[in-house]
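*Asks:* For the record, the sequence lines run as chains A and B.
FYI, this note's numbering numbers position 21 of the first sequence as 21, with every residue one higher than the one before it.
FYI, this note's numbering numbers position 66 of the second sequence as 66, with every residue one higher than the one before it.
Some hints here could point you the wrong way.
Simulated pairs of lysine to aspartate or glutamate, EDC-like, Cα-Cα distance not exceeding 16 Å [stated by the list, open to error]: (1) A:Lys19 - B:Glu191; (2) A:Lys19 - B:Glu146; (3) B:Lys78 - B:Glu53.
Hints are computed from structural coordinates only; laboratory data are not their basis.
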Amino acid sequence: MALFGLFGGKKPSSASAAKERLQILISHERNNRSGPDFLPDLQREILQVVKKYVAVSDDQVNIRLDRHGDASVLELNVTLPER
Amino acid sequence: MAIVVTVTSGKGGVGKTTSSAAFAAGLAQAGHKTVVIDFDVGLRNLDLIMGVERRVVFDFVNVIQGEATLNQALIQDKRIENLSILAASQTKDKDALSEEGVESVIDALVEMGFEYIVCDSPAGIERGATMALHFADHAIIVTNPEVSSVRDSDRILGILQSKSKRAKEGGRVVEHLLITRYDPVRVENGEMLSHADVCDILAVDLMGVIPESKAVLKASNTGVPVILDHESDAGVAYADAVAGFG
Chain A
1 MALFGLFGGK KPSSASAAKE RLQILISHER NNRSGPDFLP DLQREILQVV
51 KKYVAVSDDQ VNIRLDRHGD ASVLELNVTL PER
Chain B
1 MAIVVTVTSG KGGVGKTTSS AAFAAGLAQA GHKTVVIDFD VGLRNLDLIM
51 GVERRVVFDF VNVIQGEATL NQALIQDKRI ENLSILAASQ TKDKDALSEE
101 GVESVIDALV EMGFEYIVCD SPAGIERGAT MALHFADHAI IVTNPEVSSV
151 RDSDRILGIL QSKSKRAKEG GRVVEHLLIT RYDPVRVENG EMLSHADVCD
201 ILAVDLMGVI PESKAVLKAS NTGVPVILDH ESDAGVAYAD AVAGFG
């Protein structure tokens, strides 16, 4: 504590930690709920198919549905492990 | 034109019922014919906060199920002329709140000339809560400056924006953020999220900040809405919030 005082810096507050954690979490949760109801199931099933062929973990498959005018674009991102 | 105002939060214990009682009392004092409805079927408490617990004969579910008329179930507040209370059922199941039933009661209240219909939502996201927000024109999101409360508030915002009647008809419920149990000293010390932080995270307009206050417990102990305690910090803060809303 004395050390922080000495250099005039401020100890990072717990409130700023709370804000940062909430911003990350809430943006993630908003992304999930903005899609149609079937999106989580679709993501799970695609993950299962990918897993049959490549060893990927759950967080390496990412699915998004974007709307461009009249058309919806389903974007599938799979990060394959390095060989 | 009647306005349905739903007081909601997701998380329990953040001050929904205290805020519902304060808002209803404040709106009625400002001259608007107001009714406040407890949607917490099975765990009614608004009656206690309003100090009318010994006057409940019939409740919201009795009216929905045709066992009593609305006039029999409405309790007229003895302090404020324009204010009525509709208690929740203590015994019935929350499934008793059918969409048609709730709608018919709201329609009847509008017919009776009520200008504001304040719906006190239960905690959670189950039937009582979704019914309370289904017919909302305005929603007051009660949030404590604390991580779990903020997260749950965002969840409720998601439901308002997708499942409410207004949302389903292509419109939008007007959202207001009410931050309660606020401690400016702890915010100053970096121990508590500031109201600006919470507003930023939730992206909802701030309608008021209610300080953590001993007056709230005193008010609930005695069954008097805290807004009627003009001497108290919380009472003044609620009065300011209502003035900005009405």
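*Asks:* Would you mind marking each hint as holding or not holding in the structure?
*Replies:* Cross-check of the supplied hints:
At most 16 Å may separate the alpha-carbon atoms for a hinted pair to count; A:Lys19 and B:Glu191 meet this at roughly 11 Å. For the proposed pair A:Lys19 and B:Glu146, the alpha carbon gap of about 9 Å is at most 16 Å, so the pair holds. Proposed proximity of B:Lys78 and B:Glu53 is supported: the alpha carbons are some 13 Å apart, at most 16 Å.
Violated hints are absent here; each numbered hint is respected by the structure.
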